[in-house]
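Since each chain comes alone in its own frame, lean on the hints to assemble the complex.
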Amino acid sequence: MALIPTGWQTVGPYLHIGLTWLNTTKLAGEATKGERIAVEGRLFDGDGAPVPDGMIEIWQANADGRYNHPDDTQAKPREAAFFGFGRVDTDKQGGFRFETVKPGRVPGPGNTLQAPHILVSVFLRGQLRRLVTRLYFADEASNGDDPILALVEDPARRRTLLAVRDPGSATYRFDIRLQGEAETVFFEV
Amino acid sequence: MPDPIGYRREVPGTQPPYLHPDYKSTVKRSPTKATIAVPHTLSEVTGPLWTKERVGSIADDLTVQDKERPLGERIVVAGRVMDEDGRPVPNTLVELWQCNASGRYHHPVDQHDAPLDPNFTGRGHAVTDGNGDYRFVTIKPGAYPWPNHFNAWRPAHIHFSLFGPSFVTRLVTQMFFPGDPLLALDPIFNGVPAPARDLLVSSFDLGMTVPDTALAYRFDIVLRGRAATPTGI
Ligand SMILES: [Fe+2]
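Note that the protein sequences, when read in sequence, are chains A and B.
So the first sequence is numbered by our numbering: it starts at 1 and just counts up by one.
So the second sequence is numbered by our numbering: it starts at 190 and just counts up by one.
Everything labelled a hint here was simulated from the structure, so no lab data went into it.
Careful, some of the hints might be misleading.
What the hints assert, rightly or not - BS3-like cross-link-like pairs, simulated, lysine-lysine; straight-line CA separation at most 27 Å:
#1 B:241 x A:33
#2 A:92 x A:26
#3 B:329 x B:256
#4 A:92 x B:217
#5 B:241 x A:76
#6 A:92 x B:213
#7 B:241 x A:26
#8 A:92 x A:33
#9 A:26 x A:76
#10 A:102 x A:26
#11 A:102 x A:76
#12 A:76 x A:33
The shape of chain B in the complex, shown without the other chains (with noise of 0.2 Å):
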């Protein structure tokens, strides 16, 4: 068979060093050698496609998963994912998981002296509609300390994992909330370089409220695109 046609390559100062001091955990654990670019071959233009039909069922409302209702402001999380050509990426996996309303997540390794919610786990996954949309329902997570520093605190935020159609296309990020003041003094955030940082900051989205029961965030996502032609190195 022909090459492949590849993906558009990495554009310079849109994505966080491997290094990043202010991240103190990043020193001990970042790469001290050049990483080597290869070729987009068979094998990254490939990759696992997680459809709704090999998923299976979808767990898209945090609210619904236990007994009772979790404490908390409950929000609607929804947007598209798209290529770099504003195309949607239809029928792909969102995974999702976060904090309780209080900042505490429901994990062992968590000690944060904030209450556990026994109603929410935060945990959930989606797949993107025909138009490339996902839509989750939740609580908004509380912001919590975290070691890095001195009296560091992490902003409001959501995890967030997806394949997209390829190897190349896979994607770990954070969702934040607007006008979050913790925003300009959190390194994971800032890792992103400028201007980029500034699409991982969601907004309000007062049309995709739910009157009477839930406000709104918007969260759009960009997936690596596909290049015109072969991408050799």
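Pulled out of the complex, with its shape left as it was, chain A reads as follows (with noise of 0.2 Å):
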């Protein structure tokens, strides 16, 4: 018989005692493969106020569409360079930001392939549990073909995933919006 597993509790208002310890804001080192990106946003809430009481986990493939981790078998060379998982606590405007490569392109469900992604996890007071989401990016040829994106019926609610470049850096915006207009599609995973 299978056992349930342990419920959600909030990450509550002094989430920093236990977990800023481990934050990661620089996944790539000087060896690590691939285009050097900074991803960065604010979170807000359905007042359009922003949390600053939040923590933003993400976790992505190196340049070449690979996981550090066992379960990706393809056949691609690992990379120890880049382990791919990010950490950092919102700051008093709701900020947060990472420096990392571009991830590469990793299969999809049957044999279709993902558009370049990273995982994202919003946890924050006031929330008994993790919000999913999804950060690809705008000027990328390749969304129109993915599988997840595609299950995203409205254009406008897809438009909420697309990190936009800015124009003359290597920074993409990728703000995260709890509700409102504008309201970031957040996953079940």
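Structure representation (structure tokens):
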């Protein structure tokens, strides 16, 4: 008989005590392959006010589209110089920023290929459980073929998942809105 | 490569809703639109493996982190991390944080009029052993008031954070103590539907106590488990 998975509870307002020791905002080292980018944004509540007591975690493949994990059995070289995990607590303006490399494409269901993307977990006081979303790159031609983006029928909602590159820089902007007209699409995993 | 074997989908009625109005802050901090279920692709079945080798040093005794010993009742908090089939989850990071014996967090935002303890920070982490077991030594946290409603008090609890083997298995939860009269009144604890919420309450475990030194509470944790076959939607 299957056991019931332990229930989620909020991180609460004091998450920093237990969790910021593992903050990781620079995911790429000197030896890491790939295009250096930054992703940054802010977390907003239903009033459009910044959430200063949240935490963002990210998980991504390397530039070749390979995950640093034994279940990734693709015939691509493993890259020890890239773990692919980031964590940071939001600042007073609800802000967060990661410096990383642009991930490559990884397989999707069937024989599909996913567009480059980063998995994003959002934790905050005032929410009992984790919110999960995905960051895609607005200037990426393969978005049209992505099997997960295709699950979001409304193009306006799909746009909430697209990080937009600041002109003349390598920074992609990705705001997360818990509610409102531009409410971010959240996924169930 | 073939489609990866995914994880079991969430069983309805076992996890809190996003919007839980009794916990007032959820009203402005919950999505209003339905979440979209995604198939478990390579992105979801992989995840950061925070193993002992990657974590480095551990901090599993919260009573020896400062010059003197902290005030309060010293306790052992231990248990096993398992998947839904009861199989141990070895070599995975367990992070923990809590307030002190007076119900005060070592945190600038906490203005509760209860004394700080200069010898207690309330933070620790450990990695499960080959049997999925973890063990901390700490002090029993106090109850504390919070502004959710008139005379609201959080039952004594310890915050836990775990990764497990994939992105899907991530868990943040709270451990409570048996027989606490505040449990029935706590909107956060009661955010988890019955009977699943009872699994957040630890049990007194005489066998794990350290004679003349510390009482012990057992808190087993169940992470999402693998499905038998690939899980499409
Ligand atoms: Fe707490």
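Verification of the supplied hints:
1. Proximity of residue 241 of chain B to residue 33 of chain A is assessed by CA-CA distance (about 26 Å); at most 27 Å being required, the pair is judged to hold.
2. Our distance criterion of 27 Å between C-alpha atoms is met by residue 92 of chain A and residue 26 of chain A, whose separation comes to about 20 Å.
3. Taken as a hint, the residue 329 of chain B and residue 256 of chain B pair is honoured in the structure, with Cα atoms around 19 Å apart against an allowance of 27 Å.
4. Restraint check: the Cα-Cα separation between residue 92 of chain A and residue 217 of chain B comes to about 18 Å, which is no more than 27 Å; the hinted pair holds.
5. Between residue 241 of chain B and residue 76 of chain A, the direct Cα distance comes to roughly 26 Å. Compliance with the 27 Å bound is thereby established for this hinted pair.
6. The hinted pair formed by residue 92 of chain A and residue 213 of chain B meets the criterion: a straight-line CA distance of about 21 Å does not exceed 27 Å.
7. Restraint check for residue 241 of chain B and residue 26 of chain A: satisfied, since their Cα atoms lie roughly 21 Å apart, inside the 27 Å limit.
8. A threshold of 27 Å between alpha carbons decides the hint, and for residue 92 of chain A with residue 33 of chain A the separation of about 33 Å lies outside it, so the pair is violated.
9. As the CA atoms of residue 26 of chain A and residue 76 of chain A are separated by approximately 23 Å, the hinted pair is consistent with the 27 Å bound.
10. Under the criterion of a C-alpha separation no larger than 27 Å, the hint pairing residue 102 of chain A with residue 26 of chain A is consistent with the structure, at around 13 Å.
11. With a C-alpha separation of about 17 Å, the suggested pairing of residue 102 of chain A with residue 76 of chain A holds against the 27 Å cut-off.
12. Annotation: proposed proximity of residue 76 of chain A to residue 33 of chain A holds, straight-line Cα distance about 13 Å (limit 27 Å).
Of the numbered hints given earlier, the model fails hint 8 alone.
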